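With the hints as constraints, model all of the structure from the sequences given.
Now for the letters of each chain:
There are 2 protein chains.
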Amino acid sequence: MTGSRETRRADDPSRPVTIHDVARHAGVGSMTVSRVIRGAANVSPAMRERVEASVRALNYQVNVAARATRARTAAARIGILYSNPSASYLSEIMVGGLEQSSKLASHLLLERCEGLAGQQAAVKRLLAAGVDGVILPPPLCDSRPTINRLRAAGVTVLALATARPMDDVSCVRIDDFQGALAMTRRLVALGHRDIAFIKGDPQHTPTEVRFEGFAAGMAEAGLAIRDDWIAEGLFTYRSGLAAAEQLLDGARRPTAIFASNDDMAAAALAVAHGRQIAVPQDLTVCGFDDTAVATTVWPELTTIHQPIAAMGRMAVTLIADQIRAEKAGGEPAPDHHLMKFTLIERGSSGPPPGL
Amino acid sequence: MTGSRETRRADDPSRPVTIHDVARHAGVGSMTVSRVIRGAANVSPAMRERVEASVRALNYQVNVAARATRARTAAARIGILYSNPSASYLSEIMVGGLEQSSKLASHLLLERCEGLAGQQAAVKRLLAAGVDGVILPPPLCDSRPTINRLRAAGVTVLALATARPMDDVSCVRIDDFQGALAMTRRLVALGHRDIAFIKGDPQHTPTEVRFEGFAAGMAEAGLAIRDDWIAEGLFTYRSGLAAAEQLLDGARRPTAIFASNDDMAAAALAVAHGRQIAVPQDLTVCGFDDTAVATTVWPELTTIHQPIAAMGRMAVTLIADQIRAEKAGGEPAPDHHLMKFTLIERGSSGPPPGL
DNA sequence: ACTATCTTTGTTATCGTCATCAATCGCGAG
DNA sequence: CTCGCGATTGATGACGATAACAAAGATAGT
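As they're listed, the protein sequences go chains G and R. Residue 381 in my numbering is what sits at position 106 of the first sequence, and the numbering runs on without skipping anything. Residue 452 in my numbering is what sits at position 177 of the second sequence, and the numbering runs on without skipping anything.
Hint data in this document are derived by calculation from the structure and do not stem from the laboratory. Any given hint could be a false lead.
Identical copies look the same in the list; a pair holds intra-copy or inter-copy alike.
Said to hold, decoys possible - With a cut-off of at most 30 Å between alpha-carbon atoms, the simulated DSS-like pairs for lysine-lysine come out as follows:
no. : residue 1 : residue 2
1   : K602      : K399
2   : K378      : K615
3   : K378      : K602
4   : K399      : K378
The structure displayed is predicted, hence computed values, not measured ones.
Structure, rendered in structure tokens:
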């Protein structure tokens with residue numbers, strides 16, 4: 276009876292289940308169904324349950340496109356402008372961002388640019404595509420010219436994972452200082468006293484901040500920072516090789532190397548391997564970011580995990596909110612959202628030799 | 276003049292330009308505009324030009340959501356079910372897939388699963404989300420149980436980058452055999468005679484096929500394959516370490532190592548580094564796939580480039596076509612699409628020593 | 001008991017686009 | 001000169017969901 280009617284829709288794939296089908300099945304008006312699926316107030320518990328039962332019975336799925344058509348709330352076009360194809364980073368951002376954007380019925384556009392000249396062209400392409408907002412992952416999150424160009428065109432901007440948030444630009448990030456501090460404390464707690472640090476690209480904001488966190492941790496433990504145990508890097512694997520060679524070939528060898536990202540930590544691992552230095556027995560190596568390379572290399576890296584997927588989700592949520600507010604005529608204040616990092620201990624760290 | 280009008284709409288963000296605005300601006304009916312923007316036939320050149328001018332003048336953007344609402348053509352929900360978070364692979368797929376899906380107004384859903392039990396749960400989640408089709412990147416592209424489960428639920432399936440296409444399942448891939456053959460030929464052309472090979476995970480289909488390509492290249496050049504120069508790997512960095520150690524510590528050392536993916540090639544690089552073997556002077560190392568790690572390590576890897584972004588784009592296009600055909604009541608034949616690979620020479624390869 | 005107020009539910013109109021069908025135009029054949 | 005036919009173009013309604021409004025029912029206050 277009703278059973279056969281329930282499945283009728285499902286048998287005819289050319290016609291998806293609509294809100295009206297659910298309404299008919301539940302014997303209510305379609306508006307009530309709409310209210311239930313949106314979780315709107317003013318629906319009696321009994322009614323809500325009845326409708327939800329019909330939703331389940333018919334396996335109803337909201338038609339996000341139709342919803343976006345009527346409720347102009349979020350037909351937003353959100354661009355992600357990236358330059359450094361640090362792939363793992365990007366894919367994680369997208370995993371989170373995509374999930375959220377499909378919920379909000381907004382569109383994600385990807386645009387890649389190379390070099391400074393490329394940025395201008397990429398911005399033009401995004402504008403031509405009619406974006407309402409743009410998310411800038413590192414390192415573009417710190418590029419004032421690009422931010423200004425986008426804002427001049429009336430586009431909402433959000434900086435993702437910047438270390439130095441700007442007052443007038445929304446951002447989603449972790450606290451790089453606290454992250455580096457936590458890692459340093461952990462190394463100290465393991466018994467390390469001779470800790471070297473590999474800095475990142477001086478052009479990028481996390482470089483300085485992470486070093487400050489490291490320095491604070493050392494100071495806190497009453498440990499001196501030796502100049503020859505601070506190596507300059509560029510966040511690349513190659514620069515990590517050079518930095519690690521410098522640190523491991525010096526007069527005195529540290530018992531731990533804290534690289535300010537995973538790529539350079541992986542390079543340090545490779546150099547140690549080349550010097551027949553066992554990790555973690557003779558040397559502890561740790562990184563920052565917890566990108567794919569952290570679990571690719573052997574031993575796997577102890578590192579600071581950034582919840583990148585969650586940050587991508589949050590970024591889309593925030594920027595969609597701002598876009599909506601702006602479309603409604605407002606001038607929303609920049610929103611700064613701080614996410615929690617996690618220190619993850621894997622195989623590359625341990626107590627110093629002889630302890 | 277018109278300049279100020281062009282920017283007018285940017286000033287009033289609450290009301291996007293619609294097809295009707297364009298129609299009014301051009302002094303035609305909205306249906307004509309619709310035809311022009313879709314590139315439909317039966318529009319006179321003069322009219323087309325006039326409308327296009329108005330589109331440009333108003334910076335009109337199609338409302339994909341509204342389009343999807345009316346023309347049910349492509350409100351398709353397409354899932355990407357991945358297990359191995361080989362991040363660079365995934366992000367490239369998404370870059371391509373996302374671009375295409377926003378053009379087609381279809382939705383991309385990501386679902387990750389771990390292990391065999393996870394596959395079942397992930398399939399359930401995708402079905403609950405009401406997907407019309409699922410794209411399976413490696414290694415899931417070869418999982419018969421998962422494919423069957425999805426198809427049993429009436430979902431269209433497409434295997435991405437499988438090495439052994441199934442007759443009854445659509446796929447987008449490169450020719451792994453020809454890729455390995457091309458690389459082997461190149462090594463031979465460089466003068467190498469003593470070539471070692473690192474196999475991949477025996478569970479994955481590319482493993483066998485790439486080895487066959489290598490074997491064919493060696494046979495073609497009249498070179499023997501020494502058993503102790505064939506190492507077993509698992510496509511992971513760690514397995515590559517073990518394999519490379521075995522190859523480089525043997526009685527006789529090869530002048531080239533062809534690893535069947537980039538992660539293992541990177542590991543071979545690290546081992547060579549540890550043995551003070553200079554790459555590419557004393558040893559050539561090359562990989563397969565051209566994932567992010569290929570350009571992360573130093574020297575950068577010579578490898579076979581898979582056009583993954585293009586493959587993602589193509590995958591979405593094909594599966595959307597099939598879904599549409601199925602919704603129209605048809606029973607479309609599986610479509611097998613072969614993409615072109617490229618051999619990319621970077622710093623890790625060169626002529627053998629003494630040549 | 002009766003009205004005022006609030007809560008819950010239904011009705012109507014609307015979003016931007018496209019399918020369908022009707023109307024118009026141009027041009028050559030009879 | 002008129003008819004007919006194909007090629008263009010326009011008018012109307014539908015898609016699925018929701019906002020705004022209206023109606024009905026519940027509750028309370030006098």
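Cross-check of the supplied hints:
1. K602 x K399: within (21 Å within a copy, 38 Å between copies)
2. K378 x K615: Intra 23 Å, inter 35 Å, cutoff 30 Å: intra-copy only.
3. K378 x K602: Both: 19 Å inside a chain and 24 Å across chains, each within 30 Å.
4. K399 x K378: For K399 and K378, both the intra-copy (28 Å) and inter-copy (19 Å) Cα distances are at most 30 Å.
This entry satisfies every hint, going by the numbered hints stated previously.
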